[in-house]
Each structure stands twice: as structure tokens, then as C-alpha cells.
Amino acid sequence: MPSPNSAQTTIDMLTLTILQTRGPSHGYGIANAIQELSDEALRIDEGSLYPALHRMEEAGWISAEWTITENKRRARIYRITAAGTKQLTSEKERWIKFSGGVARVLRLA
Amino acid sequence: MSWISRWRNTFRARRLDQDLVDEIGDHLARRTEDLEREGATHQEAARRARLTFGSINQVREQSRAVRLWPMIEGTAQDVRYAWRGMRRSPMFAMTAVISLGLAIGANTAIFSIVDAVLLRPMPVAEPDQLFTLWTKEGESDTFSYPAFDEMRTAAKSSARLALFDSPYRVEAQAFDPNAPRDEAIQQFVSPDAFDVLGVPPAIGRLFSVNEGTLPVAVLSYDYWRARFQSDPLVVGRTLFVSGRPYSIVGVARQQFSGVEAGKFVDIWIPVTQADPGMLIQPEYRPFHLIGRLTPGLTREQIAAQLQPSFHRHETLEARSGATGVSLFRRAFSRPLWVMLAVAACTLLIACANVASLLLARSTARAGEMAMRASLGASRGRLLRQMLTESFLLSSLAGAGGYLLAGVLAPMLVTLTSTQADPIRVDLSLDGPVLAFCVALCSISTLLFGVAPAWQATVDRPMSRLGGAARLGRWFVGVQVAFAFCLVTGGAGFVFSLRNLTSVDTGFDPRGVTVLTAANDLGPRQRDLQLTLMRQLRARTALLPGVQSAATAWNPLLSGGRRAERVAVAGQPASATEETFYRVSPGYLATLRTSLLEGRDFVSSDDDTEPIPTIVNRKFLDRYHLALGREFHGAQGIRHRVIGVAANSLYGSLRKGFEAIAYIPMKPPRAFTLYVRSTLDPGTVGRLVEREAKTLGSGLHVRDMATLESLVGNTILKEKLLAGIGASFAFLGLTLAAVGLFGMLNYSVARRTKEIGIRSTLGAARSSVVLLVIEESLGMILLGLGVGLAASLVLLRFSQALLYEVEPADPMVFGTAVAVFMAAALVAGSMPALRAASIDPAIALRHE
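These protein sequence lines map, in sequence, to chains A and B.
Numbering follows our numbering, in which position 54 of the first sequence is assigned residue number 54; successive positions increment by one, without gaps.
If you want our numbering, it's the 1-based position in the second sequence plus 1000.
These are calculated hints, taken from the structure and not from any lab test.
Please note that the accuracy of each hint is not assured.
[As the list claims (entries may be wrong)] Derived, one-sided and incomplete: chain B residues facing chain A with beta-carbon distance under 7 Å:
#, residue
1, Gln1018
2, Glu1023
3, Asp1026
4, His1027
5, Arg1030
6, Leu1051
7, Thr1052
8, Phe1053
9, Gly1054
10, Gln1062
11, Val1066
12, Arg1067
13, Asp1809
The beta-carbon is built from N, C-alpha and C at its ideal position, and this holds for glycine as well.
Work out the full structure, taking the sequences as your base and the hints as a guide.
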């Protein structure tokens, strides 16, 4: 398991949160939402989102299905699964615990 | 990442890659559209979209890695895990691999022969255009030369017709008439035979359509390589075949060994150089005809076109010629299919056996399964795990079986081959045979792996035990059914062989050595030949340890015969042809066939009419003859009966006594010498060879055999079937007995507590035993019923192969039931005793 504050975990949490709050979306929509939410603070290549999506799909946190767009292109729509929701919750708890710990250390220092 | 390229070709990887390309394409298109909406030109927008996306190739590689690794890793993990599991219970793994391996090996071995003999097309151009000619009524595929000539003309442009003689053994001498002789197989063919088949030369040339009168020969590639070490300079040199010189003109292409599966031809000679007598007699029909159809025509059309030129009351049929012609195939195609069916039965038993082993093991591993399930392994994952174990088992068994087949198949072929009729089969274990072996492994995995895996991963553990027991009984039922089938089949073949070996031969084959003697004298030196033959016989008879010696034409039981129609004065000639056998004085005495009436031949007897003739009882009765009476043979030649002999065999054990007329010896170039002695055959051969050398004129001895082995050779097929049938029956029975034992034992273990309670409450020992047996009894009886029905079908199908054994033969079925009951008793007694001896006090503490 990657360390809680690695870039990978960050992308995972952002993606899961976006899918949970905004509903199913394609990769492009998720990429835009990440930029918008992180106020463009998270500077990553848009492309690197896709391996992350596929990894989460293999892990069973999100599921995907193909649809046909109005322009007759194939588009892949992702949605969060029950396992994904569970993962997000536990990840959030860990994050809160971790940041709480850091805050305590900072306060005591 | 080299594994990416390895996986790229797999179906899943290719589909994933296309999906990825589409997904990235969709992303870029959306970004471009958005940028265009903000006012950028299309080109600029597309450029910026790609820029913000980053390296497309890198994304593709990363994504592939993410997706395919779990698959590969999962499989590797499954295999590792399965391997560990097998090493933990090596007895189980060994039993399963050995029983499956034996069954897969046997199936693969027999299939490799089926493939070589029955299925594989000849290595010629467009084999599908080839056809062979048959007569429908006679079920015969041999014709006379005049018939061939007329049909060839009648075929016109619709087809080209080629002729092939039956291959036979000759003695060949390389380059020099005094060189040592070696055996070779020679075949006469029509000069255009290679053309029609589309076989090119490897070196030199093949026969031309207008082959002159100069004697020429073509060698097969194998013979050229083995005998002449692939020396290209043999072309143009002289090969002596049966003492006649032939000029070698070329070598046929590699792998082409003639048109007969089971026979490898070494030397081809144009039929135009054969004895002209072979080519004019319409009664002499040894020739196979193979034709090549002009594209667009059907075999039915060509048969109809040739029919008018075929002056017989028989209907012509054109069958596929892609696999050539074969006497061996005709003799062995049914036995081969029967053997394959028998081997398949064994495989099914082995599968059911391994399935029940797996089932028992998975019951023992129920705890482990439950733990893995609670740790989050899905049922699919567990199923996959268990099937991987099954697949590993059958792969190991398949690899072993494949190696076993490589040894077994040539052994089986050797069993069908005799000195006089050598059989060689080009067994290749690649291609279809390998595919067959792999398919067997996969099918076996499904057969034995799926049900136990399904059962082991059932969600509710409590329902598992009952289900496993039920499933186990099914497996035992299957084993019982097939094992019974094998036992009846084996019993049928063994009884058939016993019936054949107890057939009265009419002579005493023990102690008789059969030799062939040949000389180099030409047909004009008949007198000298006769003298040589008589001297050899006389000298042999005087050898120490030799009781008597006699000469004859071809040896008995070897397929050769001279047959003539018989006419008794005032009556038309017989419909059937009878056997006329040339023998010397002392022949009957040497074979210990009694002379019932009249006298034996004397050395002054010859072919002067009326020819002095000894007939056997059957001949005498069939034509109502008596001592001193006369009858007519072929062309009205007169015979006078001077003696009557007891009945004896001529062709084979199966045919029984035939009507035989013995006529006085006339010297051919090669003749048969029968020697009755107390010596071993090798010594007889050496002594006779020495006598032959001192007589000179190139007299020499070859083909030494005992008369007993000649008798045995006529029932090779039956011996083979009995041997294989009995081995498979034993194997199947053992497997089934082990299966039955395992299930009963398991059933006792499972019900120990119940048995304990019952015994405490006063149940008799016998009723406890019955309790264990009765729950399996239904399934065993069902299995027996199915097995009985199946064996009736099997025996009916093999009826033609059995000798004096009926499909529902009471002896066969009685024996099978007895053997089966004995095996069941052995398998069942231990668990039953264990059940009966359960101590109630201990049993109640159980669990």
C-alpha cells in the first residue's frame, strides 16, 4: 500500500470523491474536475490519470462501461462501486487521523 | 518491458489496447473541442490538447502494465499454490498423475497409430483429387491388368488412372550380382504412377510415361538414405532385384513411401517390366488402382463413366484416395477404433477416480477453503485456484502420457508386424497427435476438476458434506459402469483368443522349422533345380537330430496360395476355387498329418496327366471322390486321387479346415523346406545353410521361422486385442476398485458416530455393514446396469473381431461378473470390516 500522502493516493482520493459527489463521468470530466478542485495546484499530466483509473478499476473501486457519444465516438464512463465508497471512507479517516497527528505535533512543537 | 510484446498478441491484450486508444482519442477530442470553443484554431487546439495530455505511449504502457499484471500474477500465484498443495500430499498427486498419465498415454499412443494409418493424407499434391476404385459387391479394391488398361482408356480426359501392385519382399544386391543380398520391398507401378500422384524426384528422374524396355528402378528416399547413405552417385548404377539387373534412374521425394499405410516401399519398377504373364490374365487381379480426377468432376461421375468398360457383373465405386490404399488399414481399422474406445473408457475411469480423490481432499480442506473465503477470496477466485490445481495435475499427466505414447505406439506396431509381412508405420507425435494429447488433458481437467471444485466452494459448509458424498457415489457409479465395460470387452477378446488357439490345426507344429531356400538358376535349368532341391531335402533329413524334412512351394499360413476350380466328370466346374499345394514326398509325415488311405508321393511323381494327387478329407467329401477316381483342375487338367489325407489348416486359424489337393513338387526358384527336429530353429538354419553352400549354384537359405510362429502370426490381431483388452480391463478394474474402496472408507469415517450409536443400541454387525454398503449399492447397481448395456454394444461392434464369442456370451458375461464381484469384494471388505469393528465407546467420543 502506498504511503497515505503519496501522489497516487491523492489522485485516488480525488477521483473517488469526484465520482461520489458528482456521479458517473468520463476520464476527461474527471481530469477537468481535479484541476478545478485543486485550483490547478496539482500539476500532473492529464494522461497519467488513465493508468490510475485502470488500476482502481482492477482493484474494484470503480467500474466502467462504454457508451456512444453524440459525435459517434466511444466514451468510457466510470462510476464508483461499493468497495470504492468503503475505500474512500477508510482513506478519509486515515487522512484525518494523519493530519490530526501532524497538527498535534505542530502545536506541541 | 518485454512481456508486453509477449502479451500483445493475446486476444485480451489486443482488445484492451484498442479500448485504450479509443479512450485517449475521446479525451483528446473533448479537450480540442473545448479549446476551439475558447477561440483556438483546430490545429492549435489539437496541439495543445496533446501537450497537456503528456506522453500517449507512456500512458499506454503504464495502463497495460496495470491491467495485465494482476492477470499474470494471479495465474503464477495459482500455479505456485497448486504446486505447493501437490507437494503437501504427494501420494494423492502421484496416484492422480500416474492413473491419468497411463490413460492419456494409452489414448495418445493408439491415436497416433489411427492418425498415421487411417487419417493422414499421403504426402502428394492435392490429395483430395485422388480416388481409389472398388467393386461394390466384392468389397474388393484389386483389379487385373487388362481391366486397368480398358478403364484407363475409358477415363479419357476425366481422370488419370495409375496402377500399383501389392508391395512384396525381394532380395536386392547393390551394383554386383555377387554382392551380399539384402531384403527390400519392391512394388510394380504403372510408369505414370508418380505423375498421377504428383510426386517429384529428390534426385535423378522418375519413370516417364513411355518408359522403354530397358529395366529401370526408382528408390524410395528412406531406402536411399539407409542403404546408400544418400549417395547421389547411385543414379545410373545397377541394382540386382531377385537376380535381375535394373538401372537406378532416380530417388522419389522425401516422406513418400508408397500408397499403402503400414508398408514402406524401397524399390519401384515399372509394371511393363514385370513377367508378361501377370499382364494378360484377367483372372490375376492383384493391382490397386488410384486415379486423379480432373477438377470439377465428382467421384460418382468417374465411377459411372468407367462402369461400361468394366466387363463384370459388379458395380464400380470410386472412394477417396487421399490416404492411399491399405490392406493393413482394412485389417486393423476396426481393431484400432475398438482399442481407442477401450482406451477412452480407461481415461473416463481415471477421470472419475481422480475426481473422487479431489473430492475427498477438498472435504479435508474444507477448513482452509472457509478461511480463505472469510479472508475475502471470492468463489470465482477459489474455483480458479482449484481448477489450476486440476490443470497442473493433468498437464503433468499429459506430459508423462505423451512420453509414454512415444514408447507404446512403436511397440504396438511391432506387435502387428511379422517377418513375412513387415509393417512399418510413420508415427509422428507432432501436429494432430500433440493436439489430441493437449485436448485430452483439457477435457480431463474439465471432467474431473469442475464438479469437485464447485462442490468445495459451495457457500454453506453444512450442505457440503452430504453433497460431496452424493457426488462421490456418482463418480463410483461412473467407474463401475466403464470398468465393467472394459472387463467384459477384455473377457470377450481373451475368450476369442482362447477359442482360436484351441482350434485343431490338423498338423503338429511343435518342432517344425520352416525355411525358404532360393537359388540363382534361370527358368531353363529346371532339371538342375529339381536335383538341387531333392539333394537339399535328402541331406537335411540325414542331419543329426533331424527326424524328417520335406519341401513345398510357399509356406503354409503365409497368404500365398494357388487356387483352381474343380470339375468332376459330368458336372460343371465348382463355383469356389480350391487350394492346390505342391509338396514333396514325406510332407504329410513331417507335419504329422495322417494319411488316411492310399499312398504318399514318390520321387518319380510329376505333372504327367493324370497328375497323382492326394486330397484331404474335406476335398474328398465336397466332390464325392474316392481313391483312384479322377477330377479336372484348371484348363481341364486331369488329376487322379492316389491318397487321402486328414484335414488340416491352410490359410489361417480363423478359416479352419479348408479343402486341399496336394500335387507333386515342381521346382520354383525359391521353395519352402519343412524340417522336423529336436534342435532349436537357429541350429537347424545354420546346418541347412551349410548344406546349401556345399551344393553350390547360389543355393541359399532365408526367412527362418518355426511353424508354431507361423500359426501364431495368423492370429496377431486377436492376440493384440486380447493383450490390450486384458491390460485395460486390469487397469480399469484396479482404478475402479481403488475408487470404490476410497468411497466406502470415507463413508465409514463419516458415519463412525452413527455406527457407534447403532451398535450400542444393539444393532448386529451385519446390519452395520449393510448400512455402509446400502447407500452406495444403488449407484453401484446403476453403474453395473449401464456397464452391461454398454458392453453389449461394444461386443456387438467388435463382433467381426471375435471368434466363436456371441455379443451376449454367457461365458464372457459370467466371467466378467465373477471378476468384478471378486474385485468389489476385495475393495469393500476392508471398509466393511472397519465399520463392523468400530468400538461404540470410542465412536461416541469421536468428534
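Do the hints match the structure? See the list:
For Gln1018 (chain B), the interface hint is violated, since its Cβ never comes within 7 Å of a Cβ in chain A; the closest pair sits about 10 Å apart. For Glu1023 (chain B), the interface hint holds, since its Cβ comes within 7 Å of a Cβ in chain A; the closest pair sits about 5 Å apart. Satisfaction of the interface hint for Asp1026 (chain B) is found here, the shortest Cβ-Cβ separation to chain A being roughly 5 Å, below the 7 Å cut-off. For His1027 (chain B), the interface hint holds, the least distance from its beta-carbon to any beta-carbon of chain A being 5 Å, beneath 7 Å.
Below 7 Å, beta-carbon pairs count as interface contacts, and Arg1030 (chain B) has one with chain A at about 4 Å; its hint therefore holds. Proximity of Leu1051 (chain B) to chain A is violated relative to the hint, the smallest CB-CB distance being about 9 Å (cut-off 7 Å). At about 5 Å, the closest approach between the beta carbon of Thr1052 (chain B) and any beta carbon in chain A falls short of 7 Å, and the interface hint on this residue holds. Nearest Cβ of chain A to the Cβ of Phe1053 (chain B): about 4 Å, under the 7 Å cut. The hint holds.
This hint holds: Gly1054 (chain B) has a C-beta 3 Å from the nearest C-beta of chain A, less than the 7 Å allowed. At about 4 Å, the closest approach between the beta carbon of Gln1062 (chain B) and any beta carbon in chain A falls short of 7 Å, and the interface hint on this residue holds. Taken as an interface hint, Val1066 (chain B) checks out: its beta carbon lies about 5 Å from the nearest beta carbon of chain A, inside 7 Å. Here the hint on Arg1067 (chain B) is kept, as its CB sits about 6 Å from the closest CB of chain A, short of 7 Å.
A least Cβ separation of about 64 Å between Asp1809 (chain B) and chain A goes past the 7 Å threshold, and the interface hint is therefore violated.
Checked against the numbered hints given earlier, the structure breaks hints 1, 6 and 13 and satisfies all the rest.
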